[in-house]
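**Q** Using the sequences and the hints given, assemble the complete structure.
Protein chains in written order, with full-length UniProt numbering: chain U, 1 to 403; chain P, 1 to 696.
Hint data in this document are derived by calculation from the structure and do not stem from the laboratory.
These numbers were taken from a predicted model, which means no experiment stands behind them.
Please note: incorrect hints may appear among the correct ones.
Claimed, not checked - Per label pair, the in silico range of CB-to-CB distance:
id: 1; chain 1: P; residue 1: E82; chain 2: U; residue 2: S337; range: 54 to 60 Å
id: 2; chain 1: U; residue 1: K229; chain 2: P; residue 2: V168; range: 50 to 56 Å
id: 3; chain 1: U; residue 1: S382; chain 2: P; residue 2: G94; range: 51 to 57 Å
id: 4; chain 1: P; residue 1: E82; chain 2: U; residue 2: T38; range: 38 to 44 Å
Quick reminder that beta carbons are idealized off the backbone N, C-alpha and C, glycines included.
The lines below spell out each chain.
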Amino acid sequence: MALKNPLAPFLFKILIPTWVLIHLTFIAPPPALTNEKTIKIAAIFSLSGGAATSNAPSIQGIRSAVQTLNKQGGLLGKKIQLMEIDNQSTPIGSSVAAEKAVRLGAVAIIGCNWSSHSLAVAKVAQREGIPMISNISTHPDVTLTGNYIFRVCFTDIIQGKAMASFARKTLKARTGILLVNLNSNYGIVLSEQFKRYFESSGGSILSRLEYKNNSDLHHFQQLVERVKKSKPNVVFIPGFVESGIIIREMSRTGVTAIPLGGDGWGFDDFFKAGGSELKQGYYCTHWSRQDSSPRSLEYLARRQNKNDVWAAEVLAVDAINLLAHAVNQAGTTTDGSKIREALSQVQDFKGITGTISFDKNGDPIKDVIIMGIRNGCPLFQSRFNPDKNRKSRALINAADKML
Amino acid sequence: MKLSSLRIKISAAIMVTVFFISLSIAALLYPFEKERRHTHLKNIHVLLTAVFNQKEDQIANEIYADQKEALVISLKELKKIEKISHILLYNTKGQVMTSTGPGADILKLFATIDLNAIESAAEFSRLKYMENHYANFFSPIEVIGVHVGYIRILYSLNAFEKESQMVVFFFGILFFVLLVIIICLNMFLSHCVILPTSRLRDAMGQLQTGELGTQVSISSRDEIGQMASAFNEMSQMLYEQKEKLTRAITAKDTYALKLKKSNAALELLNKNLETRVRERTAELSKSNRHLQEEIDERQRAYREKRELEKRLDRSKKMETLGLLAGGVAHDLNNVLSGIVSYPDLLLLDLSPDDPGYGPIMTIKNSGQKAAAIVQDLLTLTRRGVICNEVVNVNAIISEYFTSPEHQRLILFHSNITVEVLLQEDLFNIQGSPLHLKKTVMNLVSNAAEAQPDGGSIQVSTYNRYVDKPIQGYQLIKEGDYVILEVKDHGMGISEHDREKIFEPFYTKKIMGRSGTGLGMAVVWGTIQDHRGYINIKSELNRGTTFELFFPITRKHSAKQEDIPSLASHMGNRERILIIDDVKEQVEIATMILKKLNYTPVSVSSGEKAVKYLESHCVDLLILDMIMAPGMDGLETYKKIIETHPGQKALIVSGYAENHRVKTLQQLGAGPYIKKPYTIEKLGRAIKDELLRREPI
Numbered sequence: 001m002a003l004k005n006p007l008a009p010f011l012f013k014i015l016i017p018t019w020v021l022i023h024l025t026f027i028a029p030p031p032a033l034t035n036e037k038t039i040k041i042a043a044i045f046s047l048s049g050g051a052a053t054s055n056a057p058s059i060q061g062i063r064s065a066v067q068t069l070n071k072q073g074g075l076l077g078k079k080i081q082l083m084e085i086d087n088q089s090t091p092i093g094s095s096v097a098a099e100k101a102v103r104l105g106a107v108a109i110i111g112c113n114w115s116s117h118s119l120a121v122a123k124v125a126q127r128e129g130i131p132m133i134s135n136i137s138t139h140p141d142v143t144l145t146g147n148y149i150f151r152v153c154f155t156d157i158i159q160g161k162a163m164a165s166f167a168r169k170t171l172k173a174r175t176g177i178l179l180v181n182l183n184s185n186y187g188i189v190l191s192e193q194f195k196r197y198f199e200s201s202g203g204s205i206l207s208r209l210e211y212k213n214n215s216d217l218h219h220f221q222q223l224v225e226r227v228k229k230s231k232p233n234v235v236f237i238p239g240f241v242e243s244g245i246i247i248r249e250m251s252r253t254g255v256t257a258i259p260l261g262g263d264g265w266g267f268d269d270f271f272k273a274g275g276s277e278l279k280q281g282y283y284c285t286h287w288s289r290q291d292s293s294p295r296s297l298e299y300l301a302r303r304q305n306k307n308d309v310w311a312a313e314v315l316a317v318d319a320i321n322l323l324a325h326a327v328n329q330a331g332t333t334t335d336g337s338k339i340r341e342a343l344s345q346v347q348d349f350k351g352i353t354g355t356i357s358f359d360k361n362g363d364p365i366k367d368v369i370i371m372g373i374r375n376g377c378p379l380f381q382s383r384f385n386p387d388k389n390r391k392s393r394a395l396i397n398a399a400d401k402m403l
Numbered sequence: 001m002k003l004s005s006l007r008i009k010i011s012a013a014i015m016v017t018v019f020f021i022s023l024s025i026a027a028l029l030y031p032f033e034k035e036r037r038h039t040h041l042k043n044i045h046v047l048l049t050a051v052f053n054q055k056e057d058q059i060a061n062e063i064y065a066d067q068k069e070a071l072v073i074s075l076k077e078l079k080k081i082e083k084i085s086h087i088l089l090y091n092t093k094g095q096v097m098t099s100t101g102p103g104a105d106i107l108k109l110f111a112t113i114d115l116n117a118i119e120s121a122a123e124f125s126r127l128k129y130m131e132n133h134y135a136n137f138f139s140p141i142e143v144i145g146v147h148v149g150y151i152r153i154l155y156s157l158n159a160f161e162k163e164s165q166m167v168v169f170f171f172g173i174l175f176f177v178l179l180v181i182i183i184c185l186n187m188f189l190s191h192c193v194i195l196p197t198s199r200l201r202d203a204m205g206q207l208q209t210g211e212l213g214t215q216v217s218i219s220s221r222d223e224i225g226q227m228a229s230a231f232n233e234m235s236q237m238l239y240e241q242k243e244k245l246t247r248a249i250t251a252k253d254t255y256a257l258k259l260k261k262s263n264a265a266l267e268l269l270n271k272n273l274e275t276r277v278r279e280r281t282a283e284l285s286k287s288n289r290h291l292q293e294e295i296d297e298r299q300r301a302y303r304e305k306r307e308l309e310k311r312l313d314r315s316k317k318m319e320t321l322g323l324l325a326g327g328v329a330h331d332l333n334n335v336l337s338g339i340v341s342y343p344d345l346l347l348l349d350l351s352p353d354d355p356g357y358g359p360i361m362t363i364k365n366s367g368q369k370a371a372a373i374v375q376d377l378l379t380l381t382r383r384g385v386i387c388n389e390v391v392n393v394n395a396i397i398s399e400y401f402t403s404p405e406h407q408r409l410i411l412f413h414s415n416i417t418v419e420v421l422l423q424e425d426l427f428n429i430q431g432s433p434l435h436l437k438k439t440v441m442n443l444v445s446n447a448a449e450a451q452p453d454g455g456s457i458q459v460s461t462y463n464r465y466v467d468k469p470i471q472g473y474q475l476i477k478e479g480d481y482v483i484l485e486v487k488d489h490g491m492g493i494s495e496h497d498r499e500k501i502f503e504p505f506y507t508k509k510i511m512g513r514s515g516t517g518l519g520m521a522v523v524w525g526t527i528q529d530h531r532g533y534i535n536i537k538s539e540l541n542r543g544t545t546f547e548l549f550f551p552i553t554r555k556h557s558a559k560q561e562d563i564p565s566l567a568s569h570m571g572n573r574e575r576i577l578i579i580d581d582v583k584e585q586v587e588i589a590t591m592i593l594k595k596l597n598y599t600p601v602s603v604s605s606g607e608k609a610v611k612y613l614e615s616h617c618v619d620l621l622i623l624d625m626i627m628a629p630g631m632d633g634l635e636t637y638k639k640i641i642e643t644h645p646g647q648k649a650l651i652v653s654g655y656a657e658n659h660r661v662k663t664l665q666q667l668g669a670g671p672y673i674k675k676p677y678t679i680e681k682l683g684r685a686i687k688d689e690l691l692r693r694e695p696i
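**A** Right, here's the structure in full:
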């Protein structure tokens, strides 16, 4: 920026150096100069906005896990300083939150829930070299952003296949309709994956109906009308709380198609939205309350009300614990690259939601839990193990390449 | 030329007015229109800003999260706003990411942005591209300080522009309409005002040149029409009047000629007529006079007859009464004589002390009174049977005063003095001495009674000529009279009593004391019988004057001496002019003058005398003083001496001398004679005057 004006001397000799100095002193202490007694971990979630209710369990889980760890003495003798940063339920907000996390000197980031948010944060984390672990973002591109980005859950490729397979094989569905939220990167990609596997196994997707974050009830009712007209066997709704509303409307108008969904259904607000109208349906998730593994039971025992515990929460706990493990392994509370290194080398980490080993992308291979809905309550249906389906493994890789 | 200027004036006025009106309207509306446009544009800007702000968050996140499909729908939603024609989204490098809207050209126009040129703030401008007008809204897309790109919204301003065009168009139409109105007004005015006015002016011109009766044909009912009809009427009127005048003049000439002829004829006729009328009038007046004289004669004769009849009646009545009364009286007298005389006898034997004296006295008095009443009655009854002797009042009075009755009166009223004043040459009258005596007696008696505490009574006589009728107690006619006057200074007679005193038995006096109650009745009766009048002048407590008028007679009484010799008074046929308005006086004078051997001529007024003397000469005038309504004696004489200086004249009058008479005498007239005059008196006076010489 060559400024040909009289202000140039002032700018170069006085203003800019001052600004740099201020910046260095107050805003971003360089990692090398830190002499902290705590380890700063940023948790970027939606504390406000449309995703706030569904993000609550994640935050709950993180706080609980951090508390436990701090009680046990923290990490490497340092207490965990948890910095909860609000991403305002928007991608841009997530980007701003990530920048803030950087400014605050976070050594690692846990977040987000929604894939669109995680995608935004991942960019910043990768750029800044801060390891990031998402607990429940399933969009494949999240970890593909870079080697600093990890997750503790399966991806949409896997759950898309799982649901499509279930629909075809178990439900014997031949026709289906997709209901996609265009504002949700997660929803777009999951519906794509479901369609691919549904059609490749002989099914037929009749149509793709679209909605957005700002769609109102009237719009949903219009979509339901169209579903009713089309009379599909199944309706795949890879959304969050709005899915409950849609299913409710479907039930009210007498649509017989079986609603199918993704892991976005596994939240309290979804069941609240649908209420007793959630007469039927299936979805997949990362963990169910009926899991009888010791870790699961142990965690549940610590919680007062079991029915308040959702997958996001335990995934978050797993994410923190995983991070802690990596930090301990790395032997540093400040060097992000070392922590990243440690993370990438994690093998068979025993979490509540299962055993975690990262592949080259930073994704774990985990089972997909298929749940059924009976009278507004989730019930364990079956498990889907991606490993067991080798054929599908090849497909997964192929799909990866395509993506 | 004049009307053209009128048209021009009107047209100019209309045009100027219209022009100013439209100008004002335009001036008024222009800022409003401008304001409106500005506001509208501002509103569009506000709208686009608001709409964009509403969607900014969503679009920004969709751009940022690379949610292309969602972005497309968002843009579609944005484009739902009416009149938004194109939306272009740019990335941070200024390249178009997506766009929506018809027409690739304009999109191409905005395909890139020069990053150096743009400002960080939003931009709002207008542009025109290929006959289309747009509003160009440009803004960076920035959310929570994160700049994700730019947006450009093109908003169609075609309608907006059309609006403005409409306004201009409207004004054009308005202007055109106004123009049409001007033309129409002009035509209308031309038709209604200018045309008729010019016609009227032409007609007036014609009228001016003398074509009366020119009509102008204007059918409207407005002011000009009224003017036109008024003009027509006036023109017609003028024409007609002119015609009338011409006709009238011709007619007048004809008439004038006719008139002359008839005038001449009329004059002739008139002359004849006058003569005829005069003749006729003379005839008529002659016959009228004859008739009048006849009528007067007849009336007089009738009246006399009636009078005579009345008198005859009365006489008969009186005769009858007289006979009756006479008989009664006679008998009564006989009876009364006893009552009167025997008491006398008795009284002789009695002394006043006797008790019976008084009563007897009373009896006697009563008897006497009764006798007196009887006498009076007799007197009264003898009315109408009076003798017509020639008597002289003086003699009667003298007789009375020497009578025993008067002596008795004097004795009784010792405190009253009586004066007697009798004119020497009192004329005679015709009448009854007895009644006259009684009259005098009664009047004197009353006069005495009226002054119980003493006083005086004047009895006088004189001759008097009454020139004009006197309205006193009675209406006294003109003529020569002998006046008998009885005057007292007593208690007087009231108005009321004066009416009644002549009634029989009406008396204020105590009955029985004196009198019979018939005294005044007798007086009245006497007066009537003597063809005389009575006049009463009275004032309460001052006195009363009775004036008795008796008409004179020139006959001589038997008692009187011979007429004194008139030889010394005879004249020599001298011409004497008698100037008097009263015919009888003239007759008397003429008679006397003839007797005295003069040549009398008479005229009935002063004026006639003057006229007579213009062509005649007389030796003497006998000039009456009062000749109303004409000139009186003085004036007459003055006029006469203008032509006849030193004219001799005698002045006669019924009144006393006055200053006019004296003036006359100073002028040269002769002696003054009071009427009524005797022959002797007159003769002497004439002689004196004729022989008088002017003092040298």
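**Q** Could you check the structure against the hints above and give me the numbers of any it violates, in ascending order?
**A** 4
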